[in-house]
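Novice: So the chains spell out like this:
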Amino acid sequence: MTRRLTLLGLALLVVPALVRGLWFYQGVYWRRSPVSTPEYASFTVPLPPLSTAEAPAARNASPGAHVLVDQSHANNFLAAELEPLLREVSAHGGQVEFLTSSDSGSLATRLAAATALVVAAPNAPFMRDEVQRIEAFVGRGGRVLVLTDPTRGSPQYDSYYSDTSTPLDDSSAANTLLAPFEITVADDYLYNLNENEGNFRNVLLTHFAASPLTADLGRVAFYAAHSIASPTGLALIYADENTLTSRTDRGGDLAAAVLAANERVLVIGDLTFLAPPYDHVADNARWISNLASFLLGGEPSRAPTDFPYIFSGPVVVQALGELEMSTDLITALSSLQSALDESGLALTISESPKATANRIVLATYADQEELSPFLGGFEIGLPGADGDPLGTGELQLPGWRTLDASAVGLMLVARNEGQTTLTLIGADASALIELISALATHDFSMCIGQEGIAACATGPADLASLDFAFADNDFTALDGGLP
Amino acid sequence: MNMRAWKLSALGPAWRWVGLALLLAAGILVALLIPRPVVGTIYLNTPIEAVSAREVIAQIDEARNNPRVRAVVLVLDSPGGTVADTEAVYLELARLRGAKPVVSTIGTMAASGAYYLAVGSDFIFAMPTSQVGNVGVIGSLPPRPSVVEDVASTGPYKLFGGPRDSFLRQLEAVKVGFIQAVSLGRGERLMLTTEEIARGEIYLGSDALRLGLVDALGGPSQAAAHAARMAHIAHYAVADLRELAGLPAATFVPFFYMAEDGRATAYPLEAGLFLLYVPPAEGRQP
Numbered sequence: 234m235t236r237r238l239t240l241l242g243l244a245l246l247v248v249p250a251l252v253r254g255l256w257f258y259q260g261v262y263w264r265r266s267p268v269s270t271p272e273y274a275s276f277t278v279p280l281p282p283l284s285t286a287e288a289p290a291a292r293n294a295s296p297g298a299h300v301l302v303d304q305s306h307a308n309n310f311l312a313a314e315l316e317p318l319l320r321e322v323s324a325h326g327g328q329v330e331f332l333t334s335s336d337s338g339s340l341a342t343r344l345a346a347a348t349a350l351v352v353a354a355p356n357a358p359f360m361r362d363e364v365q366r367i368e369a370f371v372g373r374g375g376r377v378l379v380l381t382d383p384t385r386g387s388p389q390y391d392s393y394y395s396d397t398s399t400p401l402d403d404s405s406a407a408n409t410l411l412a413p414f415e416i417t418v419a420d421d422y423l424y425n426l427n428e429n430e431g432n433f434r435n436v437l438l439t440h441f442a443a444s445p446l447t448a449d450l451g452r453v454a455f456y457a458a459h460s461i462a463s464p465t466g467l468a469l470i471y472a473d474e475n476t477l478t479s480r481t482d483r484g485g486d487l488a489a490a491v492l493a494a495n496e497r498v499l500v501i502g503d504l505t506f507l508a509p510p511y512d513h514v515a516d517n518a519r520w521i522s523n524l525a526s527f528l529l530g531g532e533p534s535r536a537p538t539d540f541p542y543i544f545s546g547p548v549v550v551q552a553l554g555e556l557e558m559s560t561d562l563i564t565a566l567s568s569l570q571s572a573l574d575e576s577g578l579a580l581t582i583s584e585s586p587k588a589t590a591n592r593i594v595l596a597t598y599a600d601q602e603e604l605s606p607f608l609g610g611f612e613i614g615l616p617g618a619d620g621d622p623l624g625t626g627e628l629q630l631p632g633w634r635t636l637d638a639s640a641v642g643l644m645l646v647a648r649n650e651g652q653t654t655l656t657l658i659g660a661d662a663s664a665l666i667e668l669i670s671a672l673a674t675h676d677f678s679m680c681i682g683q684e685g686i687a688a689c690a691t692g693p694a695d696l697a698s699l700d701f702a703f704a705d706n707d708f709t710a711l712d713g714g715l716p
Numbered sequence: 159m160n161m162r163a164w165k166l167s168a169l170g171p172a173w174r175w176v177g178l179a180l181l182l183a184a185g186i187l188v189a190l191l192i193p194r195p196v197v198g199t200i201y202l203n204t205p206i207e208a209v210s211a212r213e214v215i216a217q218i219d220e221a222r223n224n225p226r227v228r229a230v231v232l233v234l235d236s237p238g239g240t241v242a243d244t245e246a247v248y249l250e251l252a253r254l255r256g257a258k259p260v261v262s263t264i265g266t267m268a269a270s271g272a273y274y275l276a277v278g279s280d281f282i283f284a285m286p287t288s289q290v291g292n293v294g295v296i297g298s299l300p301p302r303p304s305v306v307e308d309v310a311s312t313g314p315y316k317l318f319g320g321p322r323d324s325f326l327r328q329l330e331a332v333k334v335g336f337i338q339a340v341s342l343g344r345g346e347r348l349m350l351t352t353e354e355i356a357r358g359e360i361y362l363g364s365d366a367l368r369l370g371l372v373d374a375l376g377g378p379s380q381a382a383a384h385a386a387r388m389a390h391i392a393h394y395a396v397a398d399l400r401e402l403a404g405l406p407a408a409t410f411v412p413f414f415y416m417a418e419d420g421r422a423t424a425y426p427l428e429a430g431l432f433l434l435y436v437p438p439a440e441g442r443q444p
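Just so you know, the sequences run in chain order L and H. Its first residue numbered 234, the first sequence is counted upward by one per residue in our numbering. Its first residue numbered 159, the second sequence is counted upward by one per residue in our numbering.
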């Protein structure tokens, strides 16, 4: 009895707590495995891959190598960013000039002096005539390097002070220039989440087409790059399958650099790789050196309309045959001197200049024998020469009908190992004066042109009377700019 | 007094019942000393910055030290915040989880740093249209180093913190930590690869469930029920840990840049590294 009562008492004391405890607590929380957190101490900042070899020296420039850097299209870059490339160009004899929108000379005029053109991150479109002149420049052998960059999508200039039209993103602006070369820069960026250079948009590229431009390259790093498409161009640098385009989030056949137009136009989807410190990451220094070689290798043929930029050094005037240096002729030559002065070039007169001198040769059609060394390669039939056996007084130009030599003067530009010769041929001294005047005033409105040749109406005749029709011939009307 | 007199059996029948009743009353009183378990709730509906992180950590401390609190629900509605503050909360959550279960529930958004915290819990609920994910790091690059004439300093980066390039690479190191936190937190439930996570996408809650970024669709009450189940408690009470911790009502802390027209942008007021979602609708950075 006593024991039962004691147990009952204990139960009455304990059971309520037990019931309440079990009402609320039905087990014990027990974690099976410890909570894991990231091993923060093991994380390190990714470092850039460094090149194992010094960049090779860029080859020496062609005589008169002249790289024009366009800054007239709301270009969104700092000159310092191109410095590693332009330093290479300058160090190897190339001359570098910038063209800004406030410069007096137009792109067309300045191209006349250039052997290569660099267009970086444009944000204003290229006008139709600019495109045509750049196309002609490339056709004559000039090199064009177009650098685009997804980080330069909009201009950093005050539109209030800009005379450009509505700014475009850099790929659209570049495409206005690149359309004739069948190259399209995509409005995208490449990225690689698998293996990159410190950030997903900094892509490491290891696939290269065989070209002097990619010689000795193992890996280059681009710091945000557009993809570039060209049905006819060469995908010079292209991405692996893990590198995707932001446009579709897909990879495969994505080129970051394309070479086109007989290897004269190079388009790169990135600009940042040029700028320190990225210029020394991976094989970028070597790549930049190769780019400098590309720019230095341009040697465009010259046209008379490129005067005075066809010359890169002092010029000697040489009169052939019986041509007299009359007062009128010397006066006309003085106007040429003024034009050459603007380019810092001196003009002298000599009867027997050195063979290596740049020269302006003055002659009449009558000076057949003396002229012959200067006509090589032009395939011109002068009146009374072999091309005019009947002595009709007619002038035969390649791909052209015969012309009346008495009313037409010729300007011929020939380059040979850095030496430039401009040969002016007319019916007489007054015709030569008219040709000189056209050169000095850069007025070629009475001329038609072909590569290296301009045929200009002299005397009382005009283009119409000379039947300078444009159909069925290889000549183009000149208006003071490049053909 | 004779000890025998205290035995129930020594009492008369009436007094026996009185004694039993007293024992029962004592038992009930003892039972009442057993506290009703509490599922503590922490609300994070602001960016994660110094003040909000400090308050959340205070609530985590309260949850850890208060024996009544047997489980915690973290109610998230945040675009994320600073890296260091997020990591501080994340590590405190990890300590708490060693002792008590933590369940997250996502309201409108748990992006970037807020999702960092979510993966630091044992179970994640989301609404079908919650915005979930945005794994990654952002930050404004420091200015290009230059000489500042009016401020003297003792090193090239004293005023700037470091080269711009180094800053970019630091983002990557922070990202690795974030992704590892996601991998550790979600484990085999995660259906995305590391690269897919690193894309920084925001998913709808329903998609996030399919991809293993969250565990179930539901709100705070489901989260509390799940937390209670994990803690093996029933008939629990839900309590705001802010009140239990004795914290004052949350105060507004300016975190985002205010435009000149007084409109708040989605960009942080101060430079730094952020685990933050910045909506694209805001347009350009000020």
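Hints are computed from structural coordinates only; laboratory data are not their basis. Do not rely on the hints blindly, as some may be mistaken.
DEER-style ranges, computed between Cβ atoms [as the list claims (entries may be wrong)]:
1) V176/H <-> V247/L: 18 to 28 Å
2) R361/L <-> P437/H: 50 to 60 Å
3) A313/L <-> T266/H: 44 to 54 Å
4) E354/H <-> V247/L: 32 to 42 Å
5) G610/L <-> P321/H: 47 to 57 Å
6) W256/L <-> E359/H: 44 to 54 Å
7) S275/L <-> P193/H: 16 to 26 Å
8) V247/L <-> G370/H: 23 to 33 Å
9) P193/H <-> L243/L: 40 to 50 Å
10) P321/H <-> G632/L: 52 to 62 Å
Computed from the model, here is a short list of chain L residues facing chain H with C-beta under 10 Å [stated by the list, open to error]:
11) P249
12) W256
13) P271
14) E272
15) L580
16) T581
17) I582
Every residue gets a Cβ at the ideal spot worked out from N, C-alpha and C, and that includes glycine.
Novice: All hints are to be evaluated individually against the structure, with a verdict given for each.
Specialist: Now for the hints, and whether the structure bears them out:
1. V176/H <-> V247/L: 18 to 28 Å: 19 Å, holds
2. R361/L <-> P437/H: 50 to 60 Å: 41 Å, violated
3. A313/L <-> T266/H: 44 to 54 Å: 46 Å Cβ-Cβ, so the 44 to 54 Å window holds.
4. E354/H <-> V247/L: 32 to 42 Å: At 57 Å between Cβs, range violated.
5. G610/L <-> P321/H: 47 to 57 Å: 56 Å, holds
6. W256/L <-> E359/H: 44 to 54 Å: Distance hint for W256/L, E359/H holds at roughly 46 Å.
7. S275/L <-> P193/H: 16 to 26 Å: 42 Å, violated
8. V247/L <-> G370/H: 23 to 33 Å: 47 Å, violated
9. P193/H <-> L243/L: 40 to 50 Å: Given range 40 to 50 Å: violated, Cβ gap about 23 Å.
10. P321/H <-> G632/L: 52 to 62 Å: 60 Å, holds
11. P249: 4 Å, holds
12. W256: Nearest chain H Cβ about 6 Å off; hint holds.
13. P271: With a minimum Cβ separation of about 4 Å from chain H (threshold 10 Å), the hint on P271/L holds.
14. E272: It holds, given that the least Cβ distance between E272/L and chain H is near 7 Å, below 10 Å.
15. L580: 47 Å, violated
16. T581: 50 Å, violated
17. I582: This hint is violated: I582/L lies away from chain H, its Cβ roughly 55 Å from the closest one there, beyond 10 Å.
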